[in-house]
Each structure stands twice: as C-alpha cells, then as structure tokens.
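> As you go down the protein sequences, you meet chains A and B in turn.
Using full-length UniProt numbering, read the first sequence as starting at 1 and increasing by one per residue.
Using full-length UniProt numbering, read the second sequence as starting at 1 and increasing by one per residue.
Among these hints, one or two may not hold up.
Unchecked claim - Simulated coverage check for chain A against chain B, where a stretch passes if three residues somewhere in it have a Cβ under 8 Å from a Cβ of chain B:
| # | segment |
| --- | --- |
| 1 | 124 to 132 |
| 2 | 325 to 337 |
Claimed, not checked - Some chain A residues close to chain B (C-beta under 7 Å, calculated; not the full set):
| # | residue |
| --- | --- |
| 3 | L34 |
| 4 | D206 |
| 5 | R397 |
| 6 | A401 |
| 7 | E411 |
Simulated from the structure, these hints should not be mistaken for lab results.
Remember, predicted model here, so these are calculated numbers, not experimental data.
Note that the Cβ used here is the ideal one computed from N, Cα and C, for glycine as well.
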Amino acid sequence: MALTGRAGLVAAVGIVVVLFAPQPGAALAGVCLLLAAAIVVDLVFAGAVQPLRFHRSGDTLVRLGQQATIELVVENPGRRRVRGLLRDAWPPSAGVHPRVAELDVPAGERRKIIVTLTPTRRGDRSSVAITVRSRGPLGLAARQGNHQAPWTVRVLPPFLSRKHLPSRLARLRELDGQHPALVRGQGTEFDSLREYVVGDDVRSIDWRATARRHDVVVRTWRPERDRRVLIVLDTGRTSAGRVGAAPIPMAGAEAGGGLFLRPDPRPAPGWPRLDWSMDAALLLAALAARAGDQVDFLAHDRAVRAWVSGASRTELLSSLVNVMAPIEAELVEADSQGMVAAILSRAKRRCLVVLLTDLNPAAMDEGLMPVLPQLSSRHLVLVAGVSDPSVAAMSGRRGSADEVYDAAAAEQAQLGRRRITARLRRHGVEVVDAPPDDIAPALADAYLALKAAGRL
Amino acid sequence: MSVAAPQSPPGQSYPTSPTARSAWRSSRMIVLLGGLVVLIAVLGVLLGPAPAPARYLDPDDTSLSGSKALAELLRDRGVTVDRVDSVEAAAAKAATGNRLLLVTDTTYVDELALARIPGDRVIVGGVLGLEALAPGVRTEPEQARTRSREPECALPAATAAGSAYLGGLSLRGPSGATACYPAGDGHTLVSFPYASGVITVVGDGGFMTNQRLAEDGNAALALNLIGTGKPVTWLVRPATPPPLDLPGERGKSMYDLMPGNIRWAVYMAIIAVIVTAFWRGRRLGPVVTEKLPVIVRASETVEGRGRLYRARRARERAADALRAGTIDRLTPRLGLASGAGRHEIVAALAARTGQDAQQVGAALYGPPPADDAGLVGLAGYLDFMERQISEL
Numbered sequence: 001m002a003l004t005g006r007a008g009l010v011a012a013v014g015i016v017v018v019l020f021a022p023q024p025g026a027a028l029a030g031v032c033l034l035l036a037a038a039i040v041v042d043l044v045f046a047g048a049v050q051p052l053r054f055h056r057s058g059d060t061l062v063r064l065g066q067q068a069t070i071e072l073v074v075e076n077p078g079r080r081r082v083r084g085l086l087r088d089a090w091p092p093s094a095g096v097h098p099r100v101a102e103l104d105v106p107a108g109e110r111r112k113i114i115v116t117l118t119p120t121r122r123g124d125r126s127s128v129a130i131t132v133r134s135r136g137p138l139g140l141a142a143r144q145g146n147h148q149a150p151w152t153v154r155v156l157p158p159f160l161s162r163k164h165l166p167s168r169l170a171r172l173r174e175l176d177g178q179h180p181a182l183v184r185g186q187g188t189e190f191d192s193l194r195e196y197v198v199g200d201d202v203r204s205i206d207w208r209a210t211a212r213r214h215d216v217v218v219r220t221w222r223p224e225r226d227r228r229v230l231i232v233l234d235t236g237r238t239s240a241g242r243v244g245a246a247p248i249p250m251a252g253a254e255a256g257g258g259l260f261l262r263p264d265p266r267p268a269p270g271w272p273r274l275d276w277s278m279d280a281a282l283l284l285a286a287l288a289a290r291a292g293d294q295v296d297f298l299a300h301d302r303a304v305r306a307w308v309s310g311a312s313r314t315e316l317l318s319s320l321v322n323v324m325a326p327i328e329a330e331l332v333e334a335d336s337q338g339m340v341a342a343i344l345s346r347a348k349r350r351c352l353v354v355l356l357t358d359l360n361p362a363a364m365d366e367g368l369m370p371v372l373p374q375l376s377s378r379h380l381v382l383v384a385g386v387s388d389p390s391v392a393a394m395s396g397r398r399g400s401a402d403e404v405y406d407a408a409a410a411e412q413a414q415l416g417r418r419r420i421t422a423r424l425r426r427h428g429v430e431v432v433d434a435p436p437d438d439i440a441p442a443l444a445d446a447y448l449a450l451k452a453a454g455r456l
Numbered sequence: 001m002s003v004a005a006p007q008s009p010p011g012q013s014y015p016t017s018p019t020a021r022s023a024w025r026s027s028r029m030i031v032l033l034g035g036l037v038v039l040i041a042v043l044g045v046l047l048g049p050a051p052a053p054a055r056y057l058d059p060d061d062t063s064l065s066g067s068k069a070l071a072e073l074l075r076d077r078g079v080t081v082d083r084v085d086s087v088e089a090a091a092a093k094a095a096t097g098n099r100l101l102l103v104t105d106t107t108y109v110d111e112l113a114l115a116r117i118p119g120d121r122v123i124v125g126g127v128l129g130l131e132a133l134a135p136g137v138r139t140e141p142e143q144a145r146t147r148s149r150e151p152e153c154a155l156p157a158a159t160a161a162g163s164a165y166l167g168g169l170s171l172r173g174p175s176g177a178t179a180c181y182p183a184g185d186g187h188t189l190v191s192f193p194y195a196s197g198v199i200t201v202v203g204d205g206g207f208m209t210n211q212r213l214a215e216d217g218n219a220a221l222a223l224n225l226i227g228t229g230k231p232v233t234w235l236v237r238p239a240t241p242p243p244l245d246l247p248g249e250r251g252k253s254m255y256d257l258m259p260g261n262i263r264w265a266v267y268m269a270i271i272a273v274i275v276t277a278f279w280r281g282r283r284l285g286p287v288v289t290e291k292l293p294v295i296v297r298a299s300e301t302v303e304g305r306g307r308l309y310r311a312r313r314a315r316e317r318a319a320d321a322l323r324a325g326t327i328d329r330l331t332p333r334l335g336l337a338s339g340a341g342r343h344e345i346v347a348a349l350a351a352r353t354g355q356d357a358q359q360v361g362a363a364l365y366g367p368p369p370a371d372d373a374g375l376v377g378l379a380g381y382l383d384f385m386e387r388q389i390s391e392l
C-alpha cells in the first residue's frame with residue numbers, strides 16, 4: 001500500500017475546511033473519515049499487482065561504454081486495469097533508464113516497456129526486482145508489490161585498443177610476405193620453393209633444388225605458425241591501482257567528492273591497471289590469432305581465476321572477453337609461485353608466456369623474481385607492466401621544495417622500475433613498460449618483433 | 001520478509017511481495033508477543049501505585065530530598081507547621097498572627113508580594129528574587145562547595161548547633177548582620193534584623209533534607225532557625241505550576257482571543273503532515289546495494305613517500321634519489337656502461353657540458369643540501385645538465 005500526493009493535498013485542503021467550519025471538531029472527523037473511506041475505496045478498486053506477469057527479452061551482452069536494450073513485457077491477467085508506476089531495479093552501476101516508468105495495462109492485455117542499461121563497470125549485472133505501484137481510480141492510494149523477473153547482462157571489457165589492430169595486421173602481412181609490396185617474406189619457417197625472379201635475394205637460392213631442375217629455384221620463408229602464446233593476467237592487489245585517464249567513464253573513475261565531500265583537487269583516478277592489461281591482452285590475442293598462433297589465457301592471483309584454452313580462431317576473442325568480464329582485482333598479494341606452477345602444468349610445449357603484471361620492485365622481488373628462472377628456462381617470457389603517467393609527471397615538478405620532495409619520491413619509484421626491468425632483461429626476459437594508453441600497441445609491437453626475429 | 005523464490009524457468013516472473021495472508025502468517029507471533037508486552041505495560045501502569053516525584057524541601061515529602069523529618073520534629077516541639085504553595089495562602093496565614101515564613105522556592109511566586117508579608121523570614125537556597133526578599137544581601141559570584149562547616153560566629157542558633165552541612169550561595173549581609181559558616185570571601189548563613197522581624201538567609205537547603213538531617217548539627221541548626229516558637233508558614237513549589245497565560249490589556253489571554261477553529265485546524269494539519277509523510281516515505285521498491293571495486297590511485301604510495309620526505313625534511317634521501325635518476329639517465333647518453341664509476345661519469349659529463357668538474361662532482365656526489373632552497377637548487381642544476389646533454 002502507498003499513498004499519493006493527492007491524499008496529502010486532500011488533507012491539506014481539510015485544514016482550510018476545518019478552519020472555516022462552524023463546527024470544527026465535527027468537520028475534522030468528517031474530513032478524516034472521508035479521506036479514510038476514499039483511500040479504502042482506492043485500495044479496493046486498484047488493479048491487483050500480485051497476478052501481473054513479466055517477460056524479458058533483449059541483450060545479455062554489452063561492451064562497457066555501450067548501451068544494452070531490454071524489453072520488458074507486462075502482462076495483466078487480472079480483472080482491473082493496472083495504472084501507475086513501474087520501477088525496474090538494477091544495481092546502480094548498471095545505469096538503468098528510465099528509473100521509473102509510467103504503466104497503464106488494461107485488463108487482459110500486455111504492454112511493452114523499453115529499458116536501457118548504460119553500465120559503468122565490467123561484470124555481470126542482474127536485475128534485482130520489479131516494483132509496481134498501481135493507483136486506484138481516485139488517485140489517492142495505490143497498491144504496491146514486488147516481482148522478480150531474472151535477467152543478467154554481462155558487461156564485457158570494451159577492447160578499445162582494437163583501433164590499433166588494422167595497422168598491426170598490416171605489419172603482420174608484411175612479415176608473412178603477403179603484402180602487395182612484394183617484400184620478401186621474413187621468417188625462419190620453410191614455406192615452399194619457387195622459381196627465381198629478378199629481385200630475389202640470391203642468398204635464398206636453394207642450390208640443391210636448382211641442380212635437380214633446369215631453373216634457379218629459391219626457397220621462400222614465412223614466419224612460424226601454430227606457435228603457442230599464453231597470456232597470463234595477474235589479478236592480485238597491484239592490478240587494482242588506478243592509472244591514466246578513463247577513456248570511458250567507469251564507476252569510481254570520475255573525480256572524487258560527493259554531496260558532502262570537498263571535490264578532490266587531484267585528477268580522477270582513471271582505470272585500474274587490470275583493465276588496461278585486459279585491453280592489451282585482447283589486442284595481442286586478436287593479433288596472435290590472425291598470425292596463426294594458438295592463444296591460451298590464464299588469470300591468477302592466489303588461485304586460477306580464469307582459464308581459456310584451445311579456443312578456435314573465430315571463437316577466441318568472444319570467449320576471452322566473456323571470461324574477463326567478471327574478473328576484478330583481488331586485494332591480496334599474488335601468489336607468484338602458484339602462478340608459475342599453474343603455467344608450467346598447463347603449458348607442456350615451449351610457448352611465449354606474456355605476463356601482464358605491475359613492475360613493482362617490492363612485489364616483484366618477493367614474488368616473481370625467485371621463481372622466474374623456472375619459467376624462463378622452458379618458455380620465452382615477456383613481462384608487460386602498465387606504468388603510471390602521474391608518477392612521470394610528478395618527477396618533473398620543480399615548483400617548490402615540496403614538489404621537489406615529491407619529484408624525488410617519483411624518481412625513486414621510476415628508478416626501482418628501471419632496475420627491475422634491467423634485472424628481468426638479464427634473465428632473458430622481454431619487458432614492455434608503457435603508460436596505459438600505449439601498453440596495448442607496445443605489447444603488440446613487441447610480439448611482432450619477436451615473431452619477425454623468429455624467437456617464438 | 002521475502003518468501004523463498006520458487007524455481008521457475010528463465011524469463012518467467014514471480015511475485016516476491018508477501019500477500020496479506022502470508023504476511024500475517026509469518027509475523028503473527030511477533031504481533032501477538034508485541035501486543036502482550038504492550039498490554040502488560042499498560043496494566044502495570046494503571047494498576048501499580050503512582051510514584052510521587054521527589055519534592056525538594058517539602059514538609060510532606062518522605063523521599064531523601066524531602067523535609068518531612070524536620071516538619072515532624074517541629075510539630076513534636078509544639079510548633080505549628082503549615083504548608084502553603086502560593087503567596088495568597090501565605091498572606092492569609094500571616095494575617096492570623098505573628099508567624100515565621102520559611103521560603104524554599106519562589107519559581108511561581110510574585111516575590112514582591114511575598115516580601116510584603118510581615119514577620120520573621122528564613123530563606124533557603126538560591127531562590128529567585130533574593131534582593132527583594134532579603135534587602136541588602138549580596139551573593140558572591142562563586143558558589144561554595146556544600147560540606148560540613150564550622151559556625152565561627154556569635155549567632156546563638158549556630159553556635160549551639162555547631163558544625164553543619166552548608167554551602168551553595170556565598171553571601172554578604174548588610175551592615176549589622178550576623179554572618180556564620182564562612183566560605184571563601186562570604187558566608188553561607190546571614191541573619192539580620194529588618195523592619196518587622198529577623199531575616200535569615202541560608203546558602204543551601206541540603207542540611208534540612210531527610211537525608212542530611214541526622215548528620216552533624218544539621219537538625220539542631222534547622223530547629224534553632226525555624227523552631228523559634230512561632231507558627232511556621234512553609235512555602236513550597238506548587239505541585240502543578242499555575243497556568244502561564246498572562247492576561248493582556250483587556251484581561252484576555254492570547255488563547256481567549258484565538259478562534260476555536262485554530263486548535264482543530266492544527267490537529268488537521270498534523271494529520272495532513274502524517275499523510276504527506278506516508279506519501280513521501282514509501283519507497284518504490286527495494287534499496288539496491290552493490291559491491292563496488294576499491295578505488296585506489298596507483299600513485300598513492302609514491303605520493304605518500306613524497307609526503308614522508310617532506311614531513312621529515314629528508315633532504316639526503318631526496319637528493320640521493322634525484323642524483324641516482326639523473327646518473328641513470330645520463331650514463332647511456334654519455335656512452336658509458338651502466339656500471340661506470342663516479343670519476344668516469346664526472347669527467348665525461350664535465351667534458352661534454354663544459355662545466356667545472358668540481359662543480360659537477362659536487363652536484364652528483366657531494367654532500368646533501370643544507371636546506372630546502374639548496375635541494376631546489378640541486379634539482380634545477382641536475383635538470384640543467386640533463387638538458388645540456390640531450391641538446392648536444
């Protein structure tokens with residue numbers, strides 16, 4: 001049950017009536033009884049909420065930053081028209097619109113309501129409840145009830161770095177020798193023999209085949225195919241730190257300061273490292289799949305959080321974004337030993353292990369560095385870390401003594417990062433350290449360089 | 001109050017609000033128990049004895065702060081004690097003969113009318129209108145602590161009683177007054193003759209209460225002061241305060257002038273507010289909560305370290321970090337290996353920039369700056385050298 005503003009208005013009018021009535025006591029009783037009777041009548045003749053039925057249809061997947069549309073059909077099998085308000089309740093970060101819709105369903109009919117979701121966060125968003133407030137004929141009181149019509153929308157990572165994909169694919173075709181510019185294919189894997197044409201590198205002439213035939217024959221090469229790439233995402237505490245500027249407004253990425261808080265003068269906290277890493281992982285996976293490599297994916301902090309293996313080329317990206325969607329950074333120290341064990345048990349053959357983590361000297365020293373040799377002895381390891389542009393900006397400040405102290409702290413942090421990078425390189429590990437906007441293309445370039453060098 | 005969600009195929013809805021019947025079934029025990037508690041409480045209040053509130057210094061009150069014991073002692077000695085709670089009653093009593101007026105409270109009393117009543121007067125505690133009731137008596141701004149005090153005066157009533165539990169107002173009597181029980185600069189008992197009788201002011205009435213009467217010389221002091229043989233008019237605070245409607249110029253109070261409808265309109269307004277509150281207060285559906293990921297800036301540790309440097313003025317560490325960063329960046333640009341010694345670096349840098357080797361060495365490996373200005377200067381010089389190298 002609920003009252004409406006009209007009931008309050010009637011009661012307010014009652015004040016005037018009582019004020020000027022010759023018998024105020026009787027007038028008060030009369031007004032109250034009249035109002036109570038009208039409310040009871042309204043409640044009795046309001047359309048019943050309990051028997052309503054709801055059917056949903058529409059999107060179940062949406063990329064972060066885009067809009068999902070869900071159709072909600074309200075069916076009224078009752079005997080009375082249901083007129084009033086409908087609220088489809090979703091978690092706040094689902095960005096539901098409209099919050100409250102007008103509803104008017106005659107008896108025995110059905111009406112469709114379009115609900116759009118503009119999520120501000122990755123993950124699964126489930127509808128919580130549908131609340132209907134059905135007004136009576138007088139508009140003084142309403143019946144109210146909740147329904148449950150389960151529906152879940154999975155919000156996928158946005159894969160913003162796909163804009164870099166065409167240029168990297170062009171580079172890949174160059175490597176493959178399929179480029180129209182007729183550049184000799186680089187690579188180390190023997191592809192086929194063909195007749196020599198003027199312009200071919202004489203070093204690639206296959207003399208044995210030439211001797212067997214009456215023509216000069218050259219070998220053609222192509223980059224290795226069917227190599228394995230294992231992308232490992234560290235979802236431990238270091239991946240929760242927010243860096244950069246959010247390309248898509250995300251829950252918590254706006255400048256701080258609520259109703260009662262002073263607005264935070266510092267820049268908005270941006271995206272977590274995890275989301276930038278996912279973006280880079282998606283670009284690398286798309287590229288590697290086109291290059292004919294087999295891509296596997298592992299997310300790990302203290303336990304395996306996600307594992308994708310053996311996905312076909314066409315399925316790969318969709319299954320990756322699907323498993324990535326619900327992953328959030330856990331506020332625990334990542335278990336590097338467990339991670340390495342998980343990698344070793346899953347990757348039997350030699351493969352390229354791309355480890356997306358933070359190049360945090362303290363965490364690395366205690367976690368990854370001691371166990372890295374186990375990994376790098378069997379696999380080619382590439383460590384990619386998202387650097388923080390605000391630290392770089394801090395290290396350049398010289399305005400006052402306070403800023404110089406900040407700059408010294410930033411310098412200290414960057415120095416630690418460079419040292420850990422140098423140590424990793426000494427272990428034969430490739431390192432990509434780039435700010436959030438560049439991490440995806442930088443990782444893709446590093447992959448292409450490895451491929452061109454035939455190191456996969 | 002949610003009912004268990006029935007298993008239904010996806011896309012199918014089901015109501016989750018309890019029906020009237022299921023709501024009654026799930027909450028009837030609570031409702032019945034609540035009703036029982038309310039019933040017992042109401043019956044207990046209706047049937048139980050009404051506890052009278054303690055009335056301070058009331059001759060009819062037997063509680064710790066009452067004074068029934070003193071009144072009974074006075075009656076035993078043949079002193080008539082009449083309890084009154086208004087000026088009119090006190091004046092009527094005074095008309096019957098020479099009496100002693102004991103004033104314990106003047107909150108609801110016109111003190112000027114009270115001051116016109118002739119005869120002896122004993123004023124207990126800081127009553128309102130003390131200036132009118134005891135002309136010439138001034139009170140010290142500081143209150144005296146209530147404790148056992150010695151009389152130290154020539155007043156027979158006090159010397160006979162000895163030490164008593166006194167305090168409260170610290171008083172100064174007019175010239176010719178007898179002052180007893182000193183406290184600070186003043187006294188807690190002042191007695192002086194005035195017009196038709198003797199006025200006695202006591203700083204605190206604690207010694208007359210049932211609780212304190214048996215201690216010290218309290219009872220003796222009270223009997224000596226009040227039990228002079230004259231009948232006592234004992235003025236107390238009335239149980240119900242007199243109505244506050246002060247009549248206006250034509251003898252009508254504000255309430256008399258107000259139309260009778262106003263009161264009913266106020267009742268109606270209260271009802272209207274309640275109805276409006278129900279309208280605004282009813283939520284359309286549940287409050288939806290969500291577990292949000294933590295929002296933590298990655299640069300917070302760096303900022304924190306900077307603040308620590310700042311707080312401790314850690315110039316040495318700050319300078320070391322800045323120097324190490326510069327050396328780290330310059331070594332490859334100077335064509336040196338990463339493990340190059342300091343002399344090599346200084347020599348190469350001095351040669352490339354044309355700066356004095358001594359100065360370059362001091363900037364890169366010298367003692368830490370002496371003050372913040374020195375640190376800023378060092379940072380500027382390091383920047384300058386880096387710029388020079390990168391511009392070459």
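> State for each hint whether it applies.
To see whether the hints hold, each was checked on the structure:
no. : hint       : result
1   : 124 to 132 : holds (count 4)
2   : 325 to 337 : holds (count 3)
3   : L34        : 12 Å, violated
4   : D206       : 43 Å, violated
5   : R397       : 9 Å, violated
6   : A401       : 4 Å, holds
7   : E411       : 4 Å, holds
Figure legend: structure checked against the earlier numbered hints; hints not met, in rising order: 3, 4, 5.
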